[in-house]
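Number of protein chains: 2
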Amino acid sequence: MDLNDIRGLTDAINGELRLFFERESAYLSDIGSELEPVADSIGHFLLDSGKRLRPLFAAIGYLGVGGGITPQAIKALSSLELVHVCALMHDDVMDASDTRRGAPSIHKQFEELHRTNNLHGSSAQFGVASAILLGDLALIWSAKMLHESGLASDQILQSLPIYDEMRVELMAGQYLDVYEQALASESLERSLKVARYKSGKYSIERPLHFGATLAPKYSQEQLNVYSRYGLPLGEAFQLRDDVIGVFGDPAITGKPAGDDLREGKRTVLIAITSSEVNSSQRNEFAKYFGQNDLDLRGVEKLRQIIVDTGALKRVETLIEEMTSNARNALNNDGIAPQAKTLLEEMITAATKRSS
Amino acid sequence: MDLNDIRGLTDAINGELRLFFERESAYLSDIGSELEPVADSIGHFLLDSGKRLRPLFAAIGYLGVGGGITPQAIKALSSLELVHVCALMHDDVMDASDTRRGAPSIHKQFEELHRTNNLHGSSAQFGVASAILLGDLALIWSAKMLHESGLASDQILQSLPIYDEMRVELMAGQYLDVYEQALASESLERSLKVARYKSGKYSIERPLHFGATLAPKYSQEQLNVYSRYGLPLGEAFQLRDDVIGVFGDPAITGKPAGDDLREGKRTVLIAITSSEVNSSQRNEFAKYFGQNDLDLRGVEKLRQIIVDTGALKRVETLIEEMTSNARNALNNDGIAPQAKTLLEEMITAATKRSS
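Chains A and B are the protein sequences, given in the same order.
Letter 311 of the first sequence, counting from 1, is numbered 311 in the numbering used here, and no numbers are missing.
Convert by adding 355 to the 1-based position in the second sequence; the result is the number in the numbering used here.
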């Protein structure tokens, strides 16, 4: 296994996640066989897919300040993936999303378990309760995985302030997003702020910082380089997400075509569209956007408006500018060369993807 | 402030919780004023009431192995209250409970905020999303409070395995409870198992262990004494909860009379009743138990059956036996005398309460 490339690091991260999951899953089964579906669902969610973006950035952040890759380090770095599992599970309950990565979301799986076993009470309520608890458990497992990683105590302790702040920012960003959707705001400034909190910091900058603080030694200047790289790239990452939510191919995304349009999700892409529509486009847009039963024809109409107003093009330009800012931040001697190469590669992974 | 009695310890715990909350609340406001309702709601939930049972047991566990009370220690020990805040907030969403401590539960508060501000989308969905995020934030704040308490690093590190295991057990116990309700099981053995996981370990044994591991030094024998005391007392605590859920005074509990009967909650009390009813009682019981619109007359009928079958009496006897087992565990020289006195007092607080 070559730990100097993305593939090798991803394999190592997957290996540690699997080992950790297997131990915790056995622990749950020992409490009671009723907990086996809980473990199974988390296991599939965690291990069947996922790009490991946050653990990868953490690993590169760690390498960039001179950290040596060991199984203990990989275990500690991989713990971020379980924070993300919590965020996604809870997100699906909050959005009432029925699918995730092409499969039923967790609350839907447990709704089905309730129905199949003819259990008492509301199946939907049982599904929601289970998904909340599974998300909570994933969040707690993340901390457990970090704490028991076997890295030197000093390194673990020194990572905790960033680890905690990242998680607070994540939940604050999630609330801002939920609130923003409820405001149905068309403000570009506001939607950029949500993108910054929800993804700019959480997806890239904080994982890089977390990785750096897990290494024996790092400097404030190194953290600053990671911020200058991570913040714009994180926002570009979120903008790419927004584009995929509207134009993505269901076969690749695992979500229905135009899902974000059906949900009426307020994104930077939509804010720009709203500011550029003429009056007939505005009426047409209002007619379809956020309709629960939006069909492919409606999706196509909305996509056309987004293209015609130039909003898609402007978002692509924004992504390019942010990406270029991220790239420029790497012109710095403070980060190990090997890590700089990986950070270059990750720019492509974060912004040129289609799912 | 006298830190040698329950009152003094409670005041010190409340003081640290308030200080921590004020800092974190200011941090959220700095991100955006939209987060002020989030901070306010957590603040009221955390600070307006609560018996601080878990931090108190943790503090006594710490004292009992020779830990010296300092503000740093109180801060670390108090962090448990925020785990409990998460559990209660998420519990109310999972049970769809509309009130908590006589006030609207968190999801209801945010449902109302959504309605008052004429926000877009479903008010109920906004309420649920907010309550999930507030609970997540409380769980993360707990860890942050512990990590930044200022206790010696070795002491914090040595508490983390128990801290994590306690939280895993809590979520596992919550799922067992939800599942048990959905099974509508009448098994005494099963409901005792749920009581053990949900409360026996989480409410008393684990907080005592957590406190002990936060002290500079503790022995396995001391942890064992805490288990022999904490497990039966925790189960007695849960049985008292079950009795209050059926017979409690709404003016004291802040919940409607007979709320657990309306919810159809499967508890040890109900399991014993089910095993002792004659056939006419069984029909009568089935007619009222778990009815959403159960009125006071129906509550009275169910209470009468629970009394007539001798189930209430048997639960009170169980509480006494468990309490006496807990008391016997204190005949041990390994625990500091001052802590033993406090543990005696806590027996009363846990089992003779009416809310």
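Please keep in mind that the hints were generated in silico from the structure rather than gathered at the bench.
Treat the hints with care, since some could be wrong.
PhoX-like mimics (lysine-lysine), calculated; alpha carbons at most 25 angstroms apart, straight line [stated by the list, open to error]:
hint	chain 1	residue 1	chain 2	residue 2
1	A	K340	A	K352
2	A	K108	B	K620
3	A	K265	B	K463
4	B	K668	B	K695
5	B	K463	A	K108
6	B	K548	B	K572
7	B	K463	B	K620
8	A	K255	A	K265
9	B	K695	B	K707
Evaluation of the provided hints:
Restraint check for K340(A) and K352(A): the C-alpha separation of about 18 angstroms stays at or below 25 angstroms, so the hint holds. The hinted pair formed by K108(A) and K620(B) meets the criterion: a straight-line CA distance of about 24 angstroms does not exceed 25 angstroms. Between K265(A) and K463(B) the alpha-carbon distance is near 24 angstroms, which keeps this suggested pair within the 25 angstroms criterion. Annotation: proposed proximity of K668(B) to K695(B) is violated, straight-line Cα distance about 29 angstroms (limit 25 angstroms).
Note on K463(B) and K108(A): the hinted pairing holds, with a Cα-Cα distance of about 23 angstroms set against a maximum of 25 angstroms. Between K548(B) and K572(B) the alpha-carbon distance is near 32 angstroms, which puts this suggested pair outside the 25 angstroms criterion. A C-alpha spacing of about 21 angstroms is found between K463(B) and K620(B), which places the hinted pair at or below 25 angstroms, so the restraint holds. With a C-alpha separation of about 14 angstroms, the suggested pairing of K255(A) with K265(A) holds against the 25 angstroms cut-off.
Taking the CA atoms of K695(B) and K707(B), the gap is near 18 angstroms; set against the 25 angstroms cutoff, the hint holds.
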